[in-house]
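Peer 1: This is what each chain is made of:
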Amino acid sequence: MLYFTVTTISILFLPTTLLASETVSTQAFNIPDTLWVLLCAILVFLMQAGFKTLETGLVQEEHRSSVGSKNLMDLVAGVLGFFLVGFGFMFGTSKYGIIGFEPDLFVGQNLHNGDLTIPGIVFFLFQLVFAGTALTIVSGAMSGRTGVVPYFIGSLVTAVIIYPLFGHWAWGNLFYNNNMAWLANMGFMDFAGSTVVHTLGACVGIVGMIMVGPRIGRFDHEGKPKSMKASDYSYSILGVMLLWIGWWGFNGGSTLTFTADVFEIILNTNIAGASACFSAFFYCYFFQDRGDLIEKMMGGALTGLVAITACCNVVSPLSSLIIGLLSGVIHNVGYDLILKVFKLDDPVGAIPVHGFGGIFGTLCVALFGKQELLVLPRWEQLLIQMIGIEVCVTFTVILSIVMFKLIKMFYGLRVSPEQEIKGMLMGRSMPEEYYDVEEEMKVR
Amino acid sequence: MLYFTVTTISILFLPTTLLASETVSTQAFNIPDTLWVLLCAILVFLMQAGFKTLETGLVQEEHRSSVGSKNLMDLVAGVLGFFLVGFGFMFGTSKYGIIGFEPDLFVGQNLHNGDLTIPGIVFFLFQLVFAGTALTIVSGAMSGRTGVVPYFIGSLVTAVIIYPLFGHWAWGNLFYNNNMAWLANMGFMDFAGSTVVHTLGACVGIVGMIMVGPRIGRFDHEGKPKSMKASDYSYSILGVMLLWIGWWGFNGGSTLTFTADVFEIILNTNIAGASACFSAFFYCYFFQDRGDLIEKMMGGALTGLVAITACCNVVSPLSSLIIGLLSGVIHNVGYDLILKVFKLDDPVGAIPVHGFGGIFGTLCVALFGKQELLVLPRWEQLLIQMIGIEVCVTFTVILSIVMFKLIKMFYGLRVSPEQEIKGMLMGRSMPEEYYDVEEEMKVR
Amino acid sequence: MLYFTVTTISILFLPTTLLASETVSTQAFNIPDTLWVLLCAILVFLMQAGFKTLETGLVQEEHRSSVGSKNLMDLVAGVLGFFLVGFGFMFGTSKYGIIGFEPDLFVGQNLHNGDLTIPGIVFFLFQLVFAGTALTIVSGAMSGRTGVVPYFIGSLVTAVIIYPLFGHWAWGNLFYNNNMAWLANMGFMDFAGSTVVHTLGACVGIVGMIMVGPRIGRFDHEGKPKSMKASDYSYSILGVMLLWIGWWGFNGGSTLTFTADVFEIILNTNIAGASACFSAFFYCYFFQDRGDLIEKMMGGALTGLVAITACCNVVSPLSSLIIGLLSGVIHNVGYDLILKVFKLDDPVGAIPVHGFGGIFGTLCVALFGKQELLVLPRWEQLLIQMIGIEVCVTFTVILSIVMFKLIKMFYGLRVSPEQEIKGMLMGRSMPEEYYDVEEEMKVR
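Protein chains in written order, with the working numbering: chain F, 751 to 1194; chain U, 751 to 1194; chain G, 751 to 1194.
Honestly, I wouldn't trust all of these hints.
Treat identical chains as interchangeable: a pair holds within one or across any two.
[Said to hold, decoys possible] Straight-line alpha carbon distances no greater than 30 angstroms define the calculated DSS-like cross-link-like pairs of lysine-lysine that follow:
1. Lys979 / Lys1172
2. Lys976 / Lys1120
3. Lys1172 / Lys1155
4. Lys845 / Lys974
5. Lys1120 / Lys974
6. Lys1090 / Lys1172
7. Lys1172 / Lys845
8. Lys1093 / Lys845
These aren't lab readings, by the way, just hints derived from the structure by calculation.
My request is simple: use the sequences and hints to build the entire structure.
Peer 2: Listed below in structure tokens is the structure:
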């Protein structure tokens, strides 16, 4: 009887769905897949909060407000830029494999389902938060001396041009299966974006970082790095945890379906994060200067998560453990390299995490992936992975240089030294004696 | 074919559920709808953390503990008040359309499914966190000078009388479709609560704010506002992000089903939030005093989210963009109006966000809604929307005046000036030299 | 019959699943159950962030970094330890009811489904975050004077031996229904872990707390507790809210299925948390020293949540209200008892919350449970509950003593007094004049 009732309800139910969808879309969708990807989009959105928390904890007290503001503004840039044209450029019908172009997908006019089993809007939301992640990596790399407005312009350009273009090459066939996406067609595998999201973000970040220059007081006269006080490590650790949670969705949702694959992916993600945190902590503890211990512990965990992102669907849990252990060490070495050899001022350690971790993870697809899950024989796969990384780095670096040059020329990138020292004087957060309306008006 | 598959799946799905439900409830429920609304309830619960974070960042250092405590206590008031009687008053069988009354729904005795496809308890949980949201708006408006106990009493009264009564009029037919709910029956449309939750909360807040008076030192002798140092803007931005995530559930779950509507609703919500943040930031940047830039950026985003709340199910993504852009400007103008013209001390900017945003959003239903989705012709709809707002404001303001008068008379609303200046001396968070047990005992 | 149904469902479902699952697992799973438990695992993971936030807010400014680091490192210990062998010890085929042992479950080699309707990996992930919760309780209890490395070793031992062993006795039959788990077979009921997770964590914590001794300056010469400044109560309240949200999953997911039970469980959880917060606040307000008001309000809420954990599936909402009200008072009394009578230095109040709350909740199964849902007649049930608690306490305390003795002997537990006073000098978070590389190298 009950069984019968339930059955009747279910049957009666579906009409409601359909009626409602009339005005929106008459396309059907797979319910479990949709619920899962939507949940994952929410988790990836949470990563915005994670990045903000991580970054504000790592910069000095007086820059917390401006770094936080940039994190919010790049979310805005991501949402608007990707909504207006970015999504259409990335996933629309391909023009010669170079760029997508489909007016229906611009300004959310008709976000249909493409070839997916989930609604087009859910796919859009999921991709949107991915774009937001790529953008927000940059805010960390350039924090503490870049103005909010030039940063916003840079984010917008990245969201409408740089990210969708490279994204089209590597992932352009996700929405239409037969869309031309030349890197994907060559066999380049980047499951959830070690290269597409992380390495790309790091490349924009490193160009920005070099062009804006180091913070005042970061290096002494001989070019040796000086200690700059982080405002609150504990707050940053909250950020790491939020990011870690978000990664369940970042990797787990990239299947775009709710299948048995999802679970092993999430398992691998967690194992890699934990083992990378472990190796980074103890490598630093025993072999490096402990003054950076907390930075390395946190960055290590994130590097493991970044690295597993490309390969979590093709490696075993045991391989994930090994990838994680290596990632932690790679992060620590990369961290010192950036700071002490290249003498770049990366306030939140974005480059070792997203750049080194992203590249390493993309290579791990070929190095650790189960052969039967790879597109090509292992060594060919490795070659193609290297080509993909190379293309990403070259393309992104060139476009970023052009972009930042133009911003610098027409607007200026950096705040004035007074503002940098006092904190970017936005809002009333500084002691009143520092408050100076004239100075305030010069904030860029 | 897909339709057929989905139907088959739904039918085959149900047996598992049934076995377990024997002891609790023999009523059936639709699984995807239930999973979705439950997930949304969790997201709305997260908004409590968002409000707390937003508000504590915006008040001065010495008031962080007391504002946080109030946020926790109003959650408690909401849960208990709504559980004991509020839910029954709001959704129970209507008495003459004025108030619901159904003992089964009191004290969670028998939270049956009503006419819903989801379990009554899940509907209760979802509504519960909505009530909590309305209450918590008040804590921000009155922060920095109101005692915890009088505030708790006010929250409890709001949760058991003010919110359920007006809620009954506007939403009383959600649980029983044919329940008399006079505003809803007239055609008043407030999808997820721009009026029911936000305007109502703002009205209680503005009355409380006026009756408790401005904080010491907020205005100078000539009545001009003086700068008060926010404790941590960056922390508030975390709050904005958590709220934004919560809004996916706040609006997305208000369908109470998992249909294709959900996706466009969430899309609209995000677009409105982002565009409002954009317009508020740049409007302030170019046309207003930049001293409040961060407040306006954050408040702008939230105003867009509040405004889209009423209309996200009837407008297009493009309209959402426009609604958002307007919301940002409305917020900024409202912010200055409250502070500089009305000279009210609204420490966290609750009134421009929830009051102005709520009213504007409720009107947008008629102004931007697709005609075929409106209950009435556009101009009649607009009239009814205005009537609904008018009823909400009048009713809430009158009851709030009575409530706060009584609290003031029998208990007192405001802490002593010493406590206000030193921070409300709860807990051991102040330097020991300030610690004074006698003073402590006077904390209200 | 059920088996058959599930199988049928799974089969019909699988077409999508199968293609992908070939290499991972060919086992079927119930989709709604799986989605739900996975969502709950995510929520419980969020509790790691909640604990971190709660604890760092309650310790002094200079210990925030080290407490946060410990929270991250015990997550790492939990993930690695449980992944390598802990899960196999806890849920593998039982050896004489003492310990599970199944190489397939070690190092995630083959996390099959056991007798569950959800994938083995999802069950692993859910159990993993439970183990993490037990570990993190210890970090609070020992905060402010314990080194990170000895703490990490302790966490690892707890994750691979103490937690899995006792867990095997109480929950060893969750994965294989006919696995020998002697406490469960006797009728011991601990639905979501008041004893298995919370009391166990508290027991490890209290042993650690005693062996490491109180923080410098916690008690005066006469042994009276002195006030120690918490770094940020407001931040801790955020932690309480995150924990509260996480508890929806902690209790709601412990059904391991998505049935009607879930909803009443979540309802009960919320009611108990709110009423405990209410009673703790007002009991302290009217009858105790208000100097600890915020600690007691927060701890009260958590105690209610801990207490309802064991019994949320067998009590009514009204009983939950009563259990909550009692929990708040028990917490407050326990708090004063630990501090003033036993003179233990429990910086974040872990023992009254998890110890007292855990024991009380386990007893509530028999005291408040509906008889028809209990395994045994009420008084026999009560006896068995007491036996279970007794076993947990005795076993855990003995093993913890051995563990901490060994760590103390071979490595040392406590940091040097200089480090304790200045904060554990990890990272660059202290003022530069305090920065001393030699001192740094002694950090344990």
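Peer 1: Now tell me, hint by hint, if it's right for this structure.
Peer 2: Right, here's what the structure says about each hint:
1. Lys979 / Lys1172: So Lys979 and Lys1172 pass the 30 angstroms test inside a copy (14 angstroms) and across (15 angstroms) alike.
2. Lys976 / Lys1120: Neither. Shortest intra-copy (45 angstroms) and inter-copy (60 angstroms) distances fail the 30 angstroms Cα cut-off.
3. Lys1172 / Lys1155: Close inside one copy (26 angstroms), not across copies (45 angstroms); limit 30 angstroms.
4. Lys845 / Lys974: neither (49 angstroms within a copy, 60 angstroms between copies)
5. Lys1120 / Lys974: Neither: 44 angstroms inside a chain and 63 angstroms across chains, both beyond 30 angstroms.
6. Lys1090 / Lys1172: both (26 angstroms within a copy, 28 angstroms between copies)
7. Lys1172 / Lys845: Close neither inside one copy (49 angstroms) nor across copies (62 angstroms); limit 30 angstroms.
8. Lys1093 / Lys845: neither (41 angstroms within a copy, 58 angstroms between copies)
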